[in-house]
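S.K.: So you can see what is in the structure, the chains are spelled out below.
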Amino acid sequence: MIQVEQLSKSFLDYRRGWLPAVDAVSFTCVPGEIFGLLGPNGAGKTTTLRMLSTVLKPTSGRARVAGFDVVRRPEQVRQSIGFMSAGTGIYERRTAWELVEFFGRLYGLPPDRLRARMEAVFDWLQMNEFRDVMGARLSTGMKQKVSIARTIIHDPPVLIFDEPTSGLDVLVARSLRQRILELRDQGKTIIFSSHDMSEVAKLCTRVAIIHKGRLRALGRPAELLERYGQPDLEELFFFLVRADGDLSVDRPWPRAD
Amino acid sequence: MVRWPNVQTIFIQEARDQLRDRRTLFMVFVLPILLYPLLGIGMARLSEAFQDQTRRVVIVGCEHLAAASAANPEAPPLLDETGSRFNPSLFDNPDDAARLDVLCDDDPSWHDPTHRRERLRGGDADAVVLIPSDLADTLRQQRRVAIPIAYDSADEKSQLTYFRITRLLEAWNLAIVEQRRVAEGRPEGSTDPVRPDAQDVATRTEAGSSVWARIFPFLLVLMSLTGAFYPAVDLCAGEKERGTMETLLISPASRAEIVLGKFFVVFCASIATALLNLASMGATAFALAAQFNQAPMRLRPSATGAAALLAAPSPVSLGWMIALLIPLAAFFSALCLALAIVARSMKEGQYYMTPLYLICLPLACLPLVPGIQLDPFTSLLPVTGVSLLLRALMQGDYASASQYFPLVFTPLVLCGLLAIRWAIDQFKSESVLFREAEHFDLVGWLRHLWRDKPQTPPAGMAVLCYALMLVAYWFLAPFFPVSGWSLVLMQVLVILGPPVALALLLTRDPIRTLRLRATRPADLALAGLLALTLFPMVNELRVWVDALFPMPEAVRQALERFKDLIPDPATAFLLLALTPALCEEVAFRGYILTSLERSYRPAWAIGLSALLFGFMHVLLSLFQQLFNATLLGLVLGLIAIRTRSLFPCIVFHLVNNGLAVGVGALTSAPWAGRLFRDPAQALFHGPITLLTTALAAVLVMRLAGQPLRGRSVSAVSSPNPERIRTS
Chain A
1 MIQVEQLSKS FLDYRRGWLP AVDAVSFTCV PGEIFGLLGP NGAGKTTTLR
51 MLSTVLKPTS GRARVAGFDV VRRPEQVRQS IGFMSAGTGI YERRTAWELV
101 EFFGRLYGLP PDRLRARMEA VFDWLQMNEF RDVMGARLST GMKQKVSIAR
151 TIIHDPPVLI FDEPTSGLDV LVARSLRQRI LELRDQGKTI IFSSHDMSEV
201 AKLCTRVAII HKGRLRALGR PAELLERYGQ PDLEELFFFL VRADGDLSVD
251 RPWPRAD
Chain B
1 MVRWPNVQTI FIQEARDQLR DRRTLFMVFV LPILLYPLLG IGMARLSEAF
51 QDQTRRVVIV GCEHLAAASA ANPEAPPLLD ETGSRFNPSL FDNPDDAARL
101 DVLCDDDPSW HDPTHRRERL RGGDADAVVL IPSDLADTLR QQRRVAIPIA
151 YDSADEKSQL TYFRITRLLE AWNLAIVEQR RVAEGRPEGS TDPVRPDAQD
201 VATRTEAGSS VWARIFPFLL VLMSLTGAFY PAVDLCAGEK ERGTMETLLI
251 SPASRAEIVL GKFFVVFCAS IATALLNLAS MGATAFALAA QFNQAPMRLR
301 PSATGAAALL AAPSPVSLGW MIALLIPLAA FFSALCLALA IVARSMKEGQ
351 YYMTPLYLIC LPLACLPLVP GIQLDPFTSL LPVTGVSLLL RALMQGDYAS
401 ASQYFPLVFT PLVLCGLLAI RWAIDQFKSE SVLFREAEHF DLVGWLRHLW
451 RDKPQTPPAG MAVLCYALML VAYWFLAPFF PVSGWSLVLM QVLVILGPPV
501 ALALLLTRDP IRTLRLRATR PADLALAGLL ALTLFPMVNE LRVWVDALFP
551 MPEAVRQALE RFKDLIPDPA TAFLLLALTP ALCEEVAFRG YILTSLERSY
601 RPAWAIGLSA LLFGFMHVLL SLFQQLFNAT LLGLVLGLIA IRTRSLFPCI
651 VFHLVNNGLA VGVGALTSAP WAGRLFRDPA QALFHGPITL LTTALAAVLV
701 MRLAGQPLRG RSVSAVSSPN PERIRTS
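Protein chains in written order, with this note's numbering: chain A, 1 to 257; chain B, 1 to 727.
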């Protein structure tokens, strides 16, 4: 369960002053659903998710993850989430097994339970043939599997995936999405952010469209398309952005003649 | 609350990572093992080069030599016919005779030890041979004679000359024995007729300054810094670069646990580097000394001299060094971590380390400068103190080493703790962890400083303010004569100027920043009473400090002259009580404490501001004021935070300094004996001191126990809502 209320984050830029990266965003996600956070690069998705993972402190507003307030109980929040993003790399000088074991220990799993859990996770993700390979020698797909193993090793109730498929080839991305669906079926609360509209449409139960730090629309994809009379999520997105007065996205290319 | 299992997990994993890194392995393990033998070879060549140069030997009493030769015509002469060289037949290689210039000089100054020492130091001679007047008689009677050789073991040239002369005298000795054997048919091994008598003009502390004693502390400090530097950059900037920093941050480990885990890895690397250097250096020294001993002209007594020149440290001093190394390595490790976390990449990390080296190198080099000795001030400098203490240990000067050990150790541990705390703060800072590449332009930045002024300054501004005060002092002091009004003006410009300017220019609430809030009269009275009751104890403390760290005579005289410059009590009060009370309070309990309070808990803020206050007195005035000023700084900080106003602090400061200035009037009163047990030092009777100190303690505890009257500043720096531009 994730509850976000009027969450805002501003950064100080010495040329432009305080800039809002996330501006009064509110949403809730419940167990057993994949909540999609949809928006272009720089929309504020990563900042929102970083606040949920307690790595950044909100400027104002509140957020509760698995029942814990992100500002007051950050350690419990981190204990209850699995977080995976383009920014969470894997250690080059550790083997797949060592890396997952390291995080399992930090999550406080007792050794026997950690061992059993690791065997189960390595089997599930089919990682056994490269469990003793150093991080630096893993392929992108293998690295992605190690990251997922790291994310779920402590069996957290909440999972946050921040653009997990960016930079992956079609096959790896597809298998990753498959794993996420399996995790949903286990009853996890999952947030999935992406700038890829079709991906979100395939995967998510509900979506929130974010642009320039603000929430523009929230609901089930089908409902939203119907509400705004748009054929697909991509058109819906352009429609919302235009309604917001941002015309630059739809300006035609200047012709040469 | 730090969970140690987490720290341990991070430590073990990160340490393993480091051991898998080739660069770290090279810096920590391979470099020291290769470095010293190479240095040793270099040094051996260097000393050979030394040997090749011609040295000047002054012989006092050449006529006694001539008399001895006349009396023992069979014995070979010590000098050749010209009298300006030693007898070439006494050298293994006759050409070596040309490398020692002999000067017969009977100047009376050579007979006087003090003058002899001065002339040796002045370079008039590299060694002086004092021929005994009864040499001829002693030789004739076949008694033993000692020939004094004066030299300076603190000077390598002089020491090498001494070695050469001792070898020569040994050869002469053997020649005489041989000649007697031939002449008289005596068996070999009879009494040695001539033996050199070393007269080292260097004092015990100077004498120990062998090559190693001088280079060693410097290298050890440098190596523990280098040992900390590479792992720190790899563990912070490297993690950011490889994209694993965020992975670690979203684990349940707290920032403090992450920093401590990393800190122990860096610390171990630093210690390991330093110890391996120590071991490698020791092994090289032994090997080098052994080489000297196997030199062709092997001689029994002088071999110990050669060994001393390159002697390895004794086990006792080794133990001490390791004890010192631990806090030093901890300090460097924390410092490197705090700096390395700011960097986004390994390359950037290396840039940041340059200033660290630039600051540490001169501090570590100071002991190489002659005349720099362990004293209360130098021992407090974090790196220099260690370096000097190591030098004292190498010289076997255990008396001053044990005297200054606590003085070096305590600030070092304190600095180490502060550095760890700083590193943790850095790890908590979002702008440090998620720093983006930025395009810097000065005008934009200045505009930002003006436009986005905070209500009260952040902690970094406290450091800037302090630095500005010191820089202002350095540049302005030469222009102000030590007298009356110029001293007042100086304090206003140096102490009051920077904080007021910074508060007015760079904060939106200067009144709150400088704590210029109205206060209750009760608080003013409380502050005055506290100063009054603390005064007897402060005086006791002052006398203890004076006894522990006596003021140099020159400083004492300067102080007396300064007192004479003040014409009347009113001026004294203005100069020494009113002006400091106003200026120092605005600066330290106003600006600096307010900025520190924004980032630190009150206890830390008070402690830090008191330390800054204490050190300002060391730097601008006298070392002896450190302890009193820091103590009063603590009390003043407490008053400032509890009453939320500067005015009680000013009253406290005014009463405290006013009493110090005016106590003379009390001690000279006819009834002074009833108050003071020692009126000259203004020491009160024991019961009075006890009673007032107890009362002060009660007042301080009451003040400390009081609930805070509202939070003076919010701990989280939040942007002002109205300043956020919504798009």
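No lab work stands behind these hints: they were computed from the structure. Any given hint could be a false lead.
Derived BS3-like pairs: lysine-lysine, alpha-carbon spacing no greater than 30 Å straight-line [as the list claims (entries may be wrong)]:
1. K188/A / K453/B
2. K347/B / K212/A
3. K143/A / K202/A
4. K143/A / K188/A
5. K453/B / K143/A
6. K57/A / K157/B
7. K57/A / K563/B
8. K57/A / K347/B
9. K202/A / K428/B
10. K188/A / K212/A
11. K188/A / K202/A
S.K.: State for each hint whether it applies.
M.R.: Hints versus structure:
{"no.": "1", "hint": "K188/A / K453/B", "in the structure": "violated, 45 Å"}
{"no.": "2", "hint": "K347/B / K212/A", "in the structure": "violated, 33 Å"}
{"no.": "3", "hint": "K143/A / K202/A", "in the structure": "holds, 24 Å"}
{"no.": "4", "hint": "K143/A / K188/A", "in the structure": "holds, 23 Å"}
{"no.": "5", "hint": "K453/B / K143/A", "in the structure": "violated, 45 Å"}
{"no.": "6", "hint": "K57/A / K157/B", "in the structure": "violated, 66 Å"}
{"no.": "7", "hint": "K57/A / K563/B", "in the structure": "violated, 57 Å"}
{"no.": "8", "hint": "K57/A / K347/B", "in the structure": "holds, 29 Å"}
{"no.": "9", "hint": "K202/A / K428/B", "in the structure": "violated, 38 Å"}
{"no.": "10", "hint": "K188/A / K212/A", "in the structure": "holds, 29 Å"}
{"no.": "11", "hint": "K188/A / K202/A", "in the structure": "holds, 18 Å"}
Hint compliance for this structure: hints 1, 2, 5, 6, 7 and 9 are broken, all remaining hints hold.
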